[in-house]
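Visitor: Using the hints provided, position chain B relative to the given structure of chain A.
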Amino acid sequence: MSWFQKILPPKIQRRVEAAKKTVPEGLWSKCPNCEAVLYAADLDNNAHVCPQCGHHNRIGARKRLELLLDEGEQTEIGANVLPVDTLRFKDSRKYSERLSDAAKETGEKDALVVVAGKVLGVPLVAAAFEFRFMGGSMGSVVGERFVRGVDAAIKGKQPFVCISASGGARMQEGLLSLMQMAKTSAALTQLSAHRLPFISVLTDPTMGGVSASFAMLGDVIIAEPGALIGFAGPRVIEQTVREKLPEGFQRAEFLLEHGAIDMIVDRRELRKVIARTVCALMRKPAPRV
Amino acid sequence: MRVRLAGGRRRASDRCLFTLTMKTTYLDFEQPIAELEAKIEELSEVQGEAALDISEEIERLRKKGMALTKEIYAKLTAWQIAQVARHPQRPYTLDYIQRLTSDFQELHGDRAFADDPAIVGGIARFDGEPVVVIGHQKGRDTKEKLLRNFGMPRPEGYRKALRLMRLAEKFKLPVLTFIDTPGAYPGIGAEERGQSEAIARNLYVMAELKTPIVCTVIGEGGSGGALAIGVGDIVMMLQYATYSVISPEGCASILWKSADKASLAAESLGITANRLKSLGLIDRIVEEPLGGAHRDPETMAENLRGALRDALKQLRERPLNGLLNDRYARLMGYGKFKETRAG
Chain A
1 MSWFQKILPP KIQRRVEAAK KTVPEGLWSK CPNCEAVLYA ADLDNNAHVC
51 PQCGHHNRIG ARKRLELLLD EGEQTEIGAN VLPVDTLRFK DSRKYSERLS
101 DAAKETGEKD ALVVVAGKVL GVPLVAAAFE FRFMGGSMGS VVGERFVRGV
151 DAAIKGKQPF VCISASGGAR MQEGLLSLMQ MAKTSAALTQ LSAHRLPFIS
201 VLTDPTMGGV SASFAMLGDV IIAEPGALIG FAGPRVIEQT VREKLPEGFQ
251 RAEFLLEHGA IDMIVDRREL RKVIARTVCA LMRKPAPRV
Chain B
1 MRVRLAGGRR RASDRCLFTL TMKTTYLDFE QPIAELEAKI EELSEVQGEA
51 ALDISEEIER LRKKGMALTK EIYAKLTAWQ IAQVARHPQR PYTLDYIQRL
101 TSDFQELHGD RAFADDPAIV GGIARFDGEP VVVIGHQKGR DTKEKLLRNF
151 GMPRPEGYRK ALRLMRLAEK FKLPVLTFID TPGAYPGIGA EERGQSEAIA
201 RNLYVMAELK TPIVCTVIGE GGSGGALAIG VGDIVMMLQY ATYSVISPEG
251 CASILWKSAD KASLAAESLG ITANRLKSLG LIDRIVEEPL GGAHRDPETM
301 AENLRGALRD ALKQLRERPL NGLLNDRYAR LMGYGKFKET RAG
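Protein sequence lines correspond, in order, to chains A and B.
Using this note's numbering, the letters of the first sequence correspond one by one to residues 1 to 289.
Using this note's numbering, the letters of the second sequence correspond one by one to residues 1 to 343.
Same shape as in the complex, but just chain A (with noise of 0.2 Å):
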């Protein structure tokens, strides 16, 4: 805060952060780690990669997949899988409710978007996480778009690709929920079984249910710099061991360090890495750069 706005009286001050709502949104953005100013439509064009520091902005699925895939030719899968409200859950608020204003917030009707498409031409089946929608849980239609996206990748002899990026198992779908953990896991046995390359791709957050189930059985997996990746939570450890965590502890620099994954990889250099393993892995010629 400025001197000049700390010697205003209450009700002003109050007047300048409403004023500051006005301008419109979205123009202009902050980086959450270097606090440089930036212009969105620069960062857009970045990849939401901070072009000062280098920090990796979270970004939704269509995102993820609009910046992996090659225009052209795109088949989403499992779009007409849709949630139910199983065990009609209510806490301070309705499962149905929360369902329906996360799709209205994030146009998505679940936390999973499958698409067929090809990256630097290759063919492939890709899956990314919309965290926006109830924090990426994993629920039925997340467990069911996964098992599908796999057997369409089984189908065209493709790799299959998932972008994570997910607070863990959805709660309001109890038990169901946690079983998709083992229904995702089970289907990444039969891609093994066709020799087609699984690559699992973590970013900010990874965490519980999706951590602790497909995300980490990929053939190879790749984290984005900076995410968050583990199995509980932070505050759940800092709570039950009653000391403080070590600096930058879960994050992906701590995996890669303790060998959890294969390696980090700036967003923007994805496609490249992505198109260059699978082509590789599947004995095919070497991806046109």
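No lab work stands behind these hints, which were simulated from the structure alone.
Just so you know, not all the hints are guaranteed correct.
[Unchecked claim] Once the Cα atoms are required to be at most 30 Å apart in a straight line, the calculated BS3-like pairs of lysine-lysine come out as:
(1) B:K336 <-> A:K90
(2) A:K90 <-> B:K257
(3) A:K244 <-> B:K143
(4) B:K277 <-> A:K90
(5) B:K210 <-> B:K313
(6) B:K336 <-> B:K257
(7) A:K104 <-> B:K257
(8) B:K338 <-> A:K155
(9) B:K210 <-> A:K155
(10) B:K39 <-> B:K23
(11) B:K261 <-> A:K94
(12) B:K336 <-> A:K63
(13) A:K244 <-> B:K313
(14) A:K90 <-> B:K261
(15) A:K244 <-> B:K145
(16) A:K157 <-> B:K336
(17) A:K157 <-> A:K272
(18) B:K336 <-> A:K94
(19) A:K118 <-> B:K338
(20) A:K63 <-> B:K338
(21) B:K210 <-> B:K170
(22) A:K157 <-> B:K338
(23) A:K94 <-> B:K338
(24) A:K157 <-> B:K210
(25) A:K272 <-> A:K30
(26) B:K257 <-> A:K94
(27) A:K284 <-> A:K272
(28) B:K75 <-> A:K90
(29) A:K104 <-> B:K261
(30) A:K90 <-> B:K338
(31) B:K338 <-> A:K104
(32) A:K155 <-> B:K336
(33) B:K257 <-> A:K244
(34) A:K104 <-> A:K90
[Claimed, not checked] Per label pair, the in silico range of CB-to-CB distance:
(35) A:P234 <-> B:K23: 41 to 47 Å
(36) A:G226 <-> B:G189: 20 to 26 Å
(37) A:E76 <-> B:D28: 50 to 56 Å
(38) A:K90 <-> B:A34: 30 to 36 Å
(39) A:E238 <-> B:K210: 38 to 44 Å
(40) B:F150 <-> A:E35: 39 to 45 Å
Yeah, the Cβ is synthetic: ideal placement off N, Cα and C, and Gly gets one too.
Guide: Only chain B this time, still in chain A's reference frame:
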């Protein structure tokens, strides 16, 4: 509480094979039963000295106590069932292994880092046939609770379980797992050594393990930490066991912002055997004796023996291919969603 260990010198890992001679611990909602049973005991003690024959009265009270227990247990809430599932005297994995199998040979370690006492496993004989048994193990007294880490495994525990499952596959032995954990341990070291990967790997391997697997939730089925030894051909639950994506307390503190709403969360999450059976997520409920497994561990073990015997018989008759196909189909069937025709 008086606890007598069966046999003098035992290794730490065998320590929970004890005979329960302690007094029953009553849960909050069991207080009416506790009062009645205290009265019965009082009367039984004075009977010897009394001039009057009060045995009839004692018998009457005993019947009343049973009726009361039956009544209370007939309408337990999900939260009360969670209390029974966590009862400090509830039989644990090693108690069942001791009662149900012979020649148990415990096997230790993940061959890479450590031996995790929160998961026990080994080779044993069930009905004379060799099997591999694996289960979460909670501790009975404070010292053992700490040793067992309250039944919360670290990655080493899951990797030991994985090693034993591979052993079972290699030698064509069926696997029996016993699930009883609050969850996988949320610790710094556990994260450093890949808790997520350890759980994920087990889910993957159990889905295609070429030998029959029977899983039984005997107490608490706590989330991913439970599922990591819970993928199988037949999944059973004891009547008052629970199985949940998150603990009712954890769910309440996240969604209701208050751990006091645990009972509400327990109801909403649908964690009981009945509810999960109706959702098609488990195959069989194993009946518990009146007042829960801890009131009569022997009867409980016999009920479980019957259920395991049925399950193994059913699975042994199946050719391996069919068994694996069915297991896969069953895993793919998990989930409830709707499907529109377009798309």
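Visitor: With a cut-off of 30 Å on the C-alpha distance, tell me whether K257 of chain B and K244 of chain A pass.
Guide: holds (23 Å)
Visitor: Within a Cα-Cα threshold of 30 Å, do K39 of chain B and K23 of chain B meet the stated pairing?
Guide: Distance of about 14 Å is within 30 Å: holds.
Visitor: When you check the alpha-carbon spacing of K90 of chain A and K257 of chain B, does it fall within 30 Å?
Guide: holds (14 Å)
Visitor: Given a hinted range of 41 to 47 Å, is it respected by the beta-carbon distance of P234 of chain A and K23 of chain B?
Guide: holds (42 Å)
Visitor: Please work out if K244 of chain A and K143 of chain B have their alpha carbons no farther apart than 30 Å.
Guide: holds (26 Å)
Visitor: Between K104 of chain A and K261 of chain B, does the CA-CA distance stay at or below 30 Å?
Guide: holds (29 Å)
Visitor: Can the restraint linking K157 of chain A and K336 of chain B be considered satisfied, given a maximum Cα separation of 30 Å?
Guide: Roughly 28 Å separates the two Cα atoms, so the pair holds.
Visitor: Tell me if the straight-line CA distance from K284 of chain A to K272 of chain A falls inside 30 Å.
Guide: Within the cut-off at roughly 15 Å; holds.
Visitor: Could you grab the alpha-carbon distance between K336 of chain B and K63 of chain A and see if it respects the 30 Å cut-off?
Guide: The given pair, whose Cα atoms are some 28 Å apart, holds under the 30 Å limit.
Visitor: Just to be sure I understand the hint, the distance between the Cβ atoms of E238 of chain A and K210 of chain B should be within 38 to 44 Å; is that true here?
Guide: Holds, since E238 of chain A and K210 of chain B (Cβ atoms, about 42 Å apart) stay within the stated range.
Visitor: When you check the alpha-carbon spacing of K90 of chain A and K261 of chain B, does it fall within 30 Å?
Guide: Measuring from Cα to Cα gives roughly 12 Å; hence the hint holds.
Visitor: Is K338 of chain B within 30 Å of K104 of chain A, Cα to Cα?
Guide: holds (19 Å)
Violated hint: 13 only; the structure is consistent with all others.
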